[in-house]
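First to last, the sequence lines map onto chains A, B and C. Our numbering puts the first residue of the first sequence at 1, with every later residue one more than the last. Our numbering puts the first residue of the second sequence at 1, with every later residue one more than the last. Our numbering puts the first residue of the third sequence at 1, with every later residue one more than the last.
I should point out that these hints are in silico values taken from the structure, not numbers from a laboratory. Some hints could be false.
Stated by the list, open to error - Dumping the calculated BS3-like pairs for lysine-lysine here, alpha-carbon to alpha-carbon at most 30 Å:
| hint | chain 1 | residue 1 | chain 2 | residue 2 |
| --- | --- | --- | --- | --- |
| 1 | B | K89 | B | K213 |
| 2 | B | K89 | A | K53 |
| 3 | A | K359 | B | K168 |
| 4 | A | K71 | B | K89 |
| 5 | A | K71 | A | K309 |
| 6 | B | K157 | A | K260 |
| 7 | B | K311 | C | K177 |
| 8 | A | K53 | A | K309 |
| 9 | C | K123 | C | K177 |
| 10 | C | K58 | C | K76 |
| 11 | A | K53 | A | K71 |
| 12 | C | K211 | C | K177 |
| 13 | C | K58 | C | K21 |
| 14 | B | K168 | A | K71 |
| 15 | A | K260 | A | K71 |
| 16 | B | K240 | B | K89 |
| 17 | C | K211 | B | K311 |
| 18 | A | K260 | A | K359 |
| 19 | C | K177 | C | K187 |
| 20 | B | K157 | B | K168 |
| 21 | C | K177 | C | K58 |
| 22 | B | K311 | C | K58 |
| 23 | B | K213 | B | K168 |
| 24 | C | K76 | C | K123 |
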Amino acid sequence: MNLVLRLAWRNLWRQPRRTWLTTGAMVFSNVLLVFMISLQFGMYRLMIENSLKAFTGHMQVQARGYIDDQKMRQTIPDVVALAEHLRDKLDSDEVAARATAFALASSEERSYGIAVFGVEPRFEPRVSSIPGLVGEGRYLQGDDAAEIVIGSVLARNLRVGVGDELTLLGSGRDGSFAAVVATVAGVFDSGVAELDRTIAEMPLGLFQDVFYMEGSGHQVVVNAQRLGQAAELQSRVAALLPEGQDLVVQDWDALLPGLKQAIQADISSAVFMYGVLVILVAFSVLNTQLMSVLERTHEFGIVLALGLKPGRLGRLVMLETAMMGAIGLTIGALVGGALTAWLGMRGFTMPGMEEMGAKFNLPSRLHPEVTFASLLSGPAVVFLFSLLASVYPALRLRRLQPVEAMRSA
Amino acid sequence: MINTLRILTLLAWRNLWRNHRRTLIMLGAVVVGVWAMIFMTALTMGMVNDMIEDSISVLPGHVQVHHPDYLDDPNIANLLPMPDADIEKTFANAGFRAWSTRIKVPAVVSSERESRGVTLLGIDPQRERPMTFVDYDAVEGRFLEGPADDGIVIGHKLADTLETELGKRIVLMSQDPDNDIADRGFRVVGLFHADVAAYEEQYVFAGKQTVQKLLGVGDGVTAIVVLGDDYRDVEPLYDKVSALVDGGVTVSRWTELDTYLGTMLRVMDGFVLVWVIVIFLALSFGLVNTLVMAVFERVREIGLMLALGMKPSSILGQIVIESMMLLIIGLAIGNLLAWVTIKPLESGIDISVVAEGMAMMGAASVLYPQLRLEDVVLANTVVLLMGFFASLSPAWRASRFQPIEAITKVN
Amino acid sequence: MTAVRCVNLCKTYRQGEQDIKALDHLSMEVEEGGFVCLSSPSGGGKTTLLNAIGGLDKPDSGEVWIAGQRIDNLGKGDLAELRLHRIGFVFQAFNLIPVLSARENVEFVMQVQGVPVAERRAKSMEILEEVGLQGLEDRLPSEMSGGQQQRVAVARAIVSNPALVLADEPTANLDSKTADGLIDLFKHLNEHHGTTFIIATHDQRVMAYAKRLVRMLDGRIVEEVEQNAA
């Protein structure tokens, strides 16, 4: 076996330029793949986390059907108690109750339709980044003070600031007229236009009074410690829901359907591109190995005449390819990993990323991270396809007849 | 010189086919690469094009004119300083592909059961028809018939949310210039569909004059919208429109009104170039390898040719011509293959499986690939140009052979 | 008129630790229409001398004159021109361009010279007939025997009327009958066209045909024998 290894290795270096060019193709592709896959994985993760962290949360308990109809009357009874119950059983305070309604907000000069949310001021900061993004004034305190926190675009549109009063008009749960005057306690700037323009938050207690909720609400937001744990947490939460109230737990995919699909679409196009690269490398390997085999027909003939089995010869070719592939994989992964890590430290930006990123909750500088998977997945596929590409040349060897072979140049 | 070129071309061609397999494999790689370049580009540009056309149909138009404060504060107080009648005089005969004036303000619609915040559009339906995202013929009931139409047209989804339907009355509430509430009941005369569900919830259409009366603004409008011929070439339109209006207004290009897509267009153009180059680089390893192997096999006859008096530059030329022939054939087949695979897909690729994701990015759920001449030319040019340079190295080395060494070389 | 004149040629090669004197103050003259054989044991300098005369290699010192023109001080480009127009080569093997047919190989030099098509065609057919290969003009080298290939090489070497034809071991790979045929051809061309031939060989039969036999040893001429005076 040792002999075959040595033979394979030596064969590679009979034509150093050819070997280097072939591994060069592998290295080029691998570097690209490592970088792009690292970038993508990191970007997706960030997109999801940022989007969810902003307001949606990893999952929400809602009344069945609420997610489609969003009707005021599709409520969770005793929502504060339920939230407390979940906090207790899950031993986590990343649980917050909410209620929501449409209302017309009027300042002295302007009126706008908005979505008003009743929130638990103590716990809302644990499930949403909005409380932490209050730039002017402060976030809500207390459970029923007549105060409100609004988005920066809304504040601008309504021409109000901290301390000004807003009148809210809407319909209560039973359809009756609901109204309240609240003082703007703080203005938040999340950077997400949707949120900054349409959302206002008030204490849940106040909301429940104003909108005749009778202790009910619409959502209980639950966050896991890490996104990866969300699925498991979801089943636990589902098990803790009270019987007979027809409540369901919606995961983030249901809450933000566009997000997962946007990512899927991006993945498909990326896979297509990666696929093309891999195929081109495979062609390169096929060409090289085929030429290499054909050149050595004569000496293979001799070797066969001396009694070596054709199968062993085939394996020789595959072994040579494997060696080249290993070189390509190693160098490619190393260089790709180093490049990505360096860019990860420095931060990576492209023209246009800032505007495009804003739409998806991404910062304008990305820091790609190299993980085990992102480092090896691309190069591994290249390696595999390179081996596959050398199957044909290897098979040709099996059909070689010694005498004929020796006759060729 | 011509004679030399002829013999070089003959030699290059014959040498290309000397080793069938190698040439065919390399050719295969080039074909795959070229096909991928063009196919992917068509898909990407198609997607971007759809997104932009979509956005333009919502804005609508390529250029818009507003009161300077309106874009920050889309309130009825920020009307255009000139009355509609004056605008009509200046714009009517300017020769625009399509144009209109409109009122666009935030409002609240209420049915018996629910209320929602919406964007109220007071429009001239005939003028806006060529520009808008609403397919008037596909409207359930009817669309508005003129700027004085009394009815209101809302989206299907909004009707569901409000639990109302055709023929029923809803109340429209908005702010007048004195910051008082102006409200009125409207009969729902039409329900429209939009590719993007969110549009159905957000936009309500009423006649321009009806809205003007409702809000008590006389002949005022909030925006002039103008459509040109090519969204990529917006400057001439911008200049033309700017010339027709006095100062005291803001003229905006669509790229400023939708910065995301404006940027995306630029980014995608760059992306196409990068993609083409990356593919070619991946190909170039194989190409150079092929040439190097070919040259290596022909050392003796190159030496022979040099000994017989051929110039080294001719040797270089031969190799370069050989390489370019390979690329040209590969390009021809690759282009053809791309055309053949894209043409049938031009009636749309159904990607409704990721419909909502596309909506999030601003695209519809059917993808229409767009094969543009510029992109095809770009891909072909890059391949030819880079191919030329890639082949220079092995060709150069071949031309540096010394005849004696080459002739006496033992393999 | 002197076809070739070598004056005091010196050429030394380094091989490993040793310096090998391939040409050691060698002088020689060949008159027009001459038929000279250079012989030496392997190595011995005959190929080096041939290369120097043919402008393929530069001597370290000394002069080389072809038809009254000094060539050892020419640049590469001029040497190429010289080889193209004035010298014909026949090598031991690999004389032909594999992708060109016999006729195309013969025409090759003329084409590079810029000779128009009709003239090329006529000349090449004529010469192929003269070397006895009519009917084989469209064959590729791979479809011809060793002897036929050499004949094509000879045809190419003389078709544009060079001042001189240099042949390096032209019969080495041929069986005796074919070799005889080739030598006859050389003689025929020498007699009918007056082309000067300088042939490096250690084939006895070739040497027997020469008008002058030049024996070399260690880069020097050790013997010159006139024979077969016409």
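Evaluated hints:
1. B:K89 / B:K213: This hinted pair holds, its Cα atoms lying about 21 Å apart.
2. B:K89 / A:K53: Given that 30 Å is the threshold and the Cα spacing comes to 52 Å, the pair is violated.
3. A:K359 / B:K168: Since the Cα atoms of A:K359 and B:K168 sit roughly 37 Å apart, the hinted pair is violated (cutoff 30 Å).
4. A:K71 / B:K89: violated (48 Å)
5. A:K71 / A:K309: Violated: A:K71 and A:K309 sit about 77 Å apart, past 30 Å.
6. B:K157 / A:K260: holds (23 Å)
7. B:K311 / C:K177: violated (37 Å)
8. A:K53 / A:K309: Not OK: A:K53 and A:K309 at ~64 Å, beyond 30 Å, violated.
9. C:K123 / C:K177: Judged against 30 Å, a Cα distance of about 28 Å means the pair holds.
10. C:K58 / C:K76: Holds, at roughly 10 Å.
11. A:K53 / A:K71: holds (24 Å)
12. C:K211 / C:K177: OK: C:K211 and C:K177 at ~21 Å, within 30 Å.
13. C:K58 / C:K21: holds (14 Å)
14. B:K168 / A:K71: holds (20 Å)
15. A:K260 / A:K71: With Cα atoms ~25 Å apart, A:K260 and A:K71 stay inside 30 Å; holds.
16. B:K240 / B:K89: holds (15 Å)
17. C:K211 / B:K311: Given that 30 Å is the threshold and the Cα spacing comes to 35 Å, the pair is violated.
18. A:K260 / A:K359: holds (15 Å)
19. C:K177 / C:K187: Holds - the C-alpha atoms of C:K187 and C:K177 are around 16 Å apart, at most 30 Å.
20. B:K157 / B:K168: holds (15 Å)
21. C:K177 / C:K58: violated (36 Å)
22. B:K311 / C:K58: holds (18 Å)
23. B:K213 / B:K168: Status holds; Cα separation ~22 Å.
24. C:K76 / C:K123: holds (29 Å)
The structure does not agree with the numbered hints 2, 3, 4, 5, 7, 8, 17, 21 stated previously, though it agrees with the rest.
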